[in-house]
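Protein chains in written order, with the UniProt record's numbering: chain A, 1 to 562; chain B, 1 to 562.
A couple of the hints might just be wrong.
Identical chains share a label here; the pair holds if one copy fits it or two copies do between them.
What the hints assert, rightly or not - Cross-link-like lysine-lysine pairs, in silico, DSS-like; alpha carbons within 30 Å at most:
no.: 1; residue 1: K395; residue 2: K360
no.: 2; residue 1: K387; residue 2: K233
no.: 3; residue 1: K396; residue 2: K539
no.: 4; residue 1: K360; residue 2: K30
no.: 5; residue 1: K539; residue 2: K30
no.: 6; residue 1: K360; residue 2: K306
no.: 7; residue 1: K306; residue 2: K396
no.: 8; residue 1: K14; residue 2: K387
no.: 9; residue 1: K362; residue 2: K384
no.: 10; residue 1: K38; residue 2: K384
no.: 11; residue 1: K360; residue 2: K38
no.: 12; residue 1: K306; residue 2: K362
no.: 13; residue 1: K294; residue 2: K387
no.: 14; residue 1: K562; residue 2: K306
no.: 15; residue 1: K294; residue 2: K14
no.: 16; residue 1: K201; residue 2: K384
Don't read these hints as lab results, they were simulated from the structure.
Number of protein chains: 2
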Amino acid sequence: MTNAIDRNAVHHMKWWGWGVDGVGFHHEDKPGFAPFVKFAVGLDLGTAVRTGEPSFDDLNVPLSNATEEFTAELASIVGAENVTTDDMARVVHTYGKSIRDLIRVRSNTILRSPDVVIYPADEAEVQQIVDAAVAANAVIIPFGGGSNIAGSLEPIPGEARTIVSLDLGRLRAVIDIDTDSGLARIQAGSQGPDLEEQLNKQGWTIGHFPDSFTHSTVGGWVATRSSGMQSDKYGDIANIARGMRVVRPGGVLVLRPLPSTSSGPSVREMILGSEGKLGVITEVTVQVHRIPEKRDVYAYFFPNWKSGIAAMQAISESDATPSITRISDSRETSFSLATSKNRKGVSKFMAESALPGIMKAKGWNLDDICLSFIGFEGSVSHAKHQKSLVDDIVKKHGGMGVGSGPGILYDQKKFDTPYLRDFLLDMGAAGDVSETAAPWSKLVGVHEAVYAAARGAYEQLGNDGWIMSHMSHSYHSGACLYFTFAFTFGDDPIAEYNLVKNAIQQAFVDNHATISHHHGVGLEHSPWLTQDISEEGVKIMTGLFESADPAQNFNPGKILPK
Amino acid sequence: MTNAIDRNAVHHMKWWGWGVDGVGFHHEDKPGFAPFVKFAVGLDLGTAVRTGEPSFDDLNVPLSNATEEFTAELASIVGAENVTTDDMARVVHTYGKSIRDLIRVRSNTILRSPDVVIYPADEAEVQQIVDAAVAANAVIIPFGGGSNIAGSLEPIPGEARTIVSLDLGRLRAVIDIDTDSGLARIQAGSQGPDLEEQLNKQGWTIGHFPDSFTHSTVGGWVATRSSGMQSDKYGDIANIARGMRVVRPGGVLVLRPLPSTSSGPSVREMILGSEGKLGVITEVTVQVHRIPEKRDVYAYFFPNWKSGIAAMQAISESDATPSITRISDSRETSFSLATSKNRKGVSKFMAESALPGIMKAKGWNLDDICLSFIGFEGSVSHAKHQKSLVDDIVKKHGGMGVGSGPGILYDQKKFDTPYLRDFLLDMGAAGDVSETAAPWSKLVGVHEAVYAAARGAYEQLGNDGWIMSHMSHSYHSGACLYFTFAFTFGDDPIAEYNLVKNAIQQAFVDNHATISHHHGVGLEHSPWLTQDISEEGVKIMTGLFESADPAQNFNPGKILPK
Chain A
1 MTNAIDRNAV HHMKWWGWGV DGVGFHHEDK PGFAPFVKFA VGLDLGTAVR
51 TGEPSFDDLN VPLSNATEEF TAELASIVGA ENVTTDDMAR VVHTYGKSIR
101 DLIRVRSNTI LRSPDVVIYP ADEAEVQQIV DAAVAANAVI IPFGGGSNIA
151 GSLEPIPGEA RTIVSLDLGR LRAVIDIDTD SGLARIQAGS QGPDLEEQLN
201 KQGWTIGHFP DSFTHSTVGG WVATRSSGMQ SDKYGDIANI ARGMRVVRPG
251 GVLVLRPLPS TSSGPSVREM ILGSEGKLGV ITEVTVQVHR IPEKRDVYAY
301 FFPNWKSGIA AMQAISESDA TPSITRISDS RETSFSLATS KNRKGVSKFM
351 AESALPGIMK AKGWNLDDIC LSFIGFEGSV SHAKHQKSLV DDIVKKHGGM
401 GVGSGPGILY DQKKFDTPYL RDFLLDMGAA GDVSETAAPW SKLVGVHEAV
451 YAAARGAYEQ LGNDGWIMSH MSHSYHSGAC LYFTFAFTFG DDPIAEYNLV
501 KNAIQQAFVD NHATISHHHG VGLEHSPWLT QDISEEGVKI MTGLFESADP
551 AQNFNPGKIL PK
Chain B
1 MTNAIDRNAV HHMKWWGWGV DGVGFHHEDK PGFAPFVKFA VGLDLGTAVR
51 TGEPSFDDLN VPLSNATEEF TAELASIVGA ENVTTDDMAR VVHTYGKSIR
101 DLIRVRSNTI LRSPDVVIYP ADEAEVQQIV DAAVAANAVI IPFGGGSNIA
151 GSLEPIPGEA RTIVSLDLGR LRAVIDIDTD SGLARIQAGS QGPDLEEQLN
201 KQGWTIGHFP DSFTHSTVGG WVATRSSGMQ SDKYGDIANI ARGMRVVRPG
251 GVLVLRPLPS TSSGPSVREM ILGSEGKLGV ITEVTVQVHR IPEKRDVYAY
301 FFPNWKSGIA AMQAISESDA TPSITRISDS RETSFSLATS KNRKGVSKFM
351 AESALPGIMK AKGWNLDDIC LSFIGFEGSV SHAKHQKSLV DDIVKKHGGM
401 GVGSGPGILY DQKKFDTPYL RDFLLDMGAA GDVSETAAPW SKLVGVHEAV
451 YAAARGAYEQ LGNDGWIMSH MSHSYHSGAC LYFTFAFTFG DDPIAEYNLV
501 KNAIQQAFVD NHATISHHHG VGLEHSPWLT QDISEEGVKI MTGLFESADP
551 AQNFNPGKIL PK
């Protein structure tokens with residue numbers, strides 16, 4: 001069908017952190033950053049000792065339990081060069097990239113790793129692998145880009161069976177584009193930049209840009225029910241992914257691309273968010289759009305969080321159809337100002353322009369101001385018209401526009417945040433994210449409750465801690481709230497992290513919000529699933545998984561609460 | 001929670017046909033209608049003998065097998081006045097309103113009817129009924145408005161267990177409206193006009209207007225994954241229904257209203273389209289919208305089907321966001337012209353205006369012209385702007401606008417078609433509908449294949465037959481095609497109907513289209529489910545149903561192929 005990609009051409013992130021070797025966060029050109037970190041988490045970057053890159057040789061990697069016979073059988077399917085039990089490959093496929101994952105891998109805490117990693121060339125090989133693994137009662141964990149932060153990828157400690165990490169990296173072609181329908185068939189292992197480049201060459205875009213875009217795959221997006229930064233226009237992956245091919249024991253589930261269907265409970269929606277538990281996604285037919293003539297991101301300021309959220313709600317209710325609606329709370333706004341490069345972006349406005357004076361004259365408290373980014377895409381006249389509709393609403397809610405300059409910077413650095421997290425970890429502070437969604441009427445309450453929960457957790461730790469938030473992904477009836485938190489850790493960073501993370505997740509479900517808007521469930525969010533979808537919901541989902549995978553060969557232990 | 005509605009205030013359609021007593025189709029004011037029927041299906045309305053209203057007393061209604069003990073148990077839950085085994089109630093709850101249903105009930109063909117009909121007042125009573133029925137190993141078939149045409153409601157002949165028709169008609173309140181979020185909690189038995197009136201009084205609309213609107217319920221919409229005429233703007237019920245409460249044995253499934261969530265495979269999407277097989281829907285939290293300032297439906301003509309479909313596709317790909325995009329093929333266009341009231345609507349244009357002359361001058365063949373309706377909603381300026389975007393696209397595709405006059409008529413008579421079907425049945429012609437969805441690139445092919453299939457079936461019958469179609473419900477990657485077919489029947493109308501219907505359904509799945517876009521599966525479409533979602537899809541769905549309902553107490557025999 002397509003030319004097989006060489007296994008060595010499959011890119012993985014570095015085993016001990018986010019992204020590729022040689023790229024990292026630095027703050028030499030961000031004079032406000034170090035004071036901000038000192039203020040936020042009490043960490044003095046001037047005196048903190050930076051942990052060096054960990055040594056792979058020091059790692060205790062669990063031995064592979066794969067029998068020679070089983071490995072040979074796998075090799076007979078894909079060729080010996082595409083099966084491996086070597087330690088580096090198995091470590092790379094052990095965890096995703098949550099802060100828990102990074103802490104564990106750096107602290108030599110690998111209780112269980114895959115026993116064998118395999119790189120099939122095509123769907124037929126995936127089918128043979130699945131059939132062989134199920135026949136041998138092995139465990140299969142599909143692996144895309146490895147960027148998951150919900151614990152969806154890791155093997156369960158205590159799993160006695162042989163665990164196969166099935167890496168889809170060689171399946172990365174855009175197979176064809178149905179230009180009349182705006183539908184592209186894409187192999188599941190295709191990573192964001194790769195597939196977008198293949199589409200762009202023919203004048204198309206997928207319009208799906210999650211934070212993980214640079215390292216995640218279309219199969220992973222489907223498996224975790226991902227959302228992208230421009231989902232207001234293009235939809236979440238649940239809207240974008242129309243057709244699917246999923247390899248299951250004995251056969252391929254084929255869901256043809258359909259704009260909509262009432263053929264019973266949606267099997268398509270069962271695969272979405274299934275995290276490998278219903279089979280191995282090999283191909284997704286996604287909606288694609290012609291690259292828009294115009295794409296602008298404008299920045300706005302609001303006097304405070306409540307007025308900003310009210311404006312976002314009013315936009316979602318209006319006739320306007322922006323591609324991005326995003327607002328940072330006052331703390332995330334102060335973070336953005338501190339981390340901007342000197343004399344660029346929003347900090348330039350604040351430092352050099354008349355803006356602070358204007359804000360003060362309006363009676364704004366500069367500690368409360370909230371920075372918003374709103375995007376417009378389409379024809380030149382459409383983008384202009386949408387902006388005028390939005391500008392009116394912003395004005396009515398007491399906000400003010402500050403042009404497209406900061407938006408351009410937002411666009412350029414939107415995929416860089418994970419590198420910052422690695423840098424802070426090197427310096428002694430742990431940070432990660434929790435995100436949720438709730439109806440508009442609940443958002444301010446969720447925000448307050450999460451802040452109170454985090455404060456409570458930090459007090460318990462007796463430690464300085466930071467939390468900030470933005471709202472993104474608007475829908476008619478609600479939106480996503482995205483929280484970033486960080487603290488300087490002590491002796492047991494995982495336990496300390498769990499205390500904060502758990503407090504935040506509990507605040508979500510206690511306040512009408514869901515356990516995750518677009519990161520999936522994995523192990524990280526499963527303890528709250530029952531409180532999210534009720535006992536009967538868990539029963540129905542359990543029945544789905546158990547009937548589809550009675551011997552629990554597919555990514556066992558994930559999603560469902562223990 | 002709400003004041004209980006009296007059982008006698010629950011409206012049902014007449015037992016032998018669509019709608020309410022005393023309302024029917026007549027053609028005295030439509031001079032073109034009789035000649036059209038003669039031309040289309042060879043039926044002479046001047047000489048045909050109209051079947052009178054059937055006599056209920058002549059019906060052989062199967063005896064109820066409900067034991068006195070069981071009926072008494074049910075009566076102890078809801079009160080004796082809200083349980084009945086009387087024949088009329090059981091017949092009313094036996095079938096939906098497909099042509100097969102009408103033919104069977106009129107020809108005294110009731111092989112199995114519910115044994116007992118029950119009208120709970122609230123969710124707590126539904127729970128008690130469900131628990132009692134499951135304990136007694138009885139069958140539960142939830143009943144909303146009874147308008148289903150996919151065979152989703154009828155008991156399976158040969159079912160030896162006691163069958164309970166659980167009528168939600170007393171649960172019909174709009175409980176509350178979250179005005180900040182645009183979300184309304186509505187009891188599942190609420191019928192379209194009733195709930196829309198309750199919403200309208202407070203300035204809101206649900207925006208969901210299926211053809212069955214006047215007699216269907218919000219619970220039924222969810223259970224069959226319904227779409228409405230304005231779904232281009234408001235979404236299908238799958239988009240509109242955010243929260244749900246579903247009574248299951250031993251407890252209530254509670255899905256809180258969320259704008260989006262990645263909490264594993266969507267249980268919400270499992271309830272959507274489940275046709276009562278996963279429990280009894282008692283409440284749905286739906287998106288509601290403020291009644292728009294402006295709502296217009298404009299009519300357009302295209303020289304032929306291909307140019308019209310191309311224009312609809314171009315609109316869906318453009319920045320324009322109309323609320324309705326609909327185009328009739330040339331045959332449905334000729335039907336619309338024939339059935340218009342004299343000197344009104346589109347026929348007026350054709351009969352009295354310069355339009356036919358203009359079309360001919362453009363080189364159009366009047367036999368090929370296609371009538372389109374496109375709707376615009378929102379602020380006055382938004383509706384105007386959308387129309388200008390659409391007008392440009394129509395022009396580019398060779399079409400022409402003819403104003404809003406015909407659109408107003410479309411709006412007024414949009415819910416009347418089922419009455420016409422009953423009239424034709426009285427006169428000796430059977431008609432019904434089949435609808436589907438497919439990617440844009442496949443629509444013209446599906447249309448041609450369905451026509452060929454219907455022609456083949458009519459030839460086999462040796463009978464005159466008619467088929468016509470329109471496209472509606474546009475999505476980014478495709479649209480719905482809706483076919484209406486009719487023929488004068490002979491000795492075995494059901495067998496003749498099956499021949500035509502089966503040919504059409506087979507043409508759907510053979511040509512990249514689904515078995516149903518918005519009517520559900522029931523018994524009518526289940527034979528093609530495997531060809532639609534593949535064997536593995538059916539296996540997954542079967543596992544879902546069997547694990548959630550191991551003794552098959554909930555609407556057994558539906559959706560899954562035999």
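Each hint tested on the structure:
no., hint, result
1, K395 <-> K360, "within (17 Å within a copy, 52 Å between copies)"
2, K387 <-> K233, "both (14 Å within a copy, 20 Å between copies)"
3, K396 <-> K539, "neither (47 Å within a copy, 54 Å between copies)"
4, K360 <-> K30, "within (25 Å within a copy, 71 Å between copies)"
5, K539 <-> K30, "neither (51 Å within a copy, 57 Å between copies)"
6, K360 <-> K306, "within (18 Å within a copy, 61 Å between copies)"
7, K306 <-> K396, "within (13 Å within a copy, 46 Å between copies)"
8, K14 <-> K387, "neither (41 Å within a copy, 53 Å between copies)"
9, K362 <-> K384, "within (27 Å within a copy, 36 Å between copies)"
10, K38 <-> K384, "neither (42 Å within a copy, 55 Å between copies)"
11, K360 <-> K38, "within (27 Å within a copy, 79 Å between copies)"
12, K306 <-> K362, "within (17 Å within a copy, 58 Å between copies)"
13, K294 <-> K387, "both (12 Å within a copy, 21 Å between copies)"
14, K562 <-> K306, "neither (38 Å within a copy, 56 Å between copies)"
15, K294 <-> K14, "neither (36 Å within a copy, 56 Å between copies)"
16, K201 <-> K384, "within (27 Å within a copy, 36 Å between copies)"
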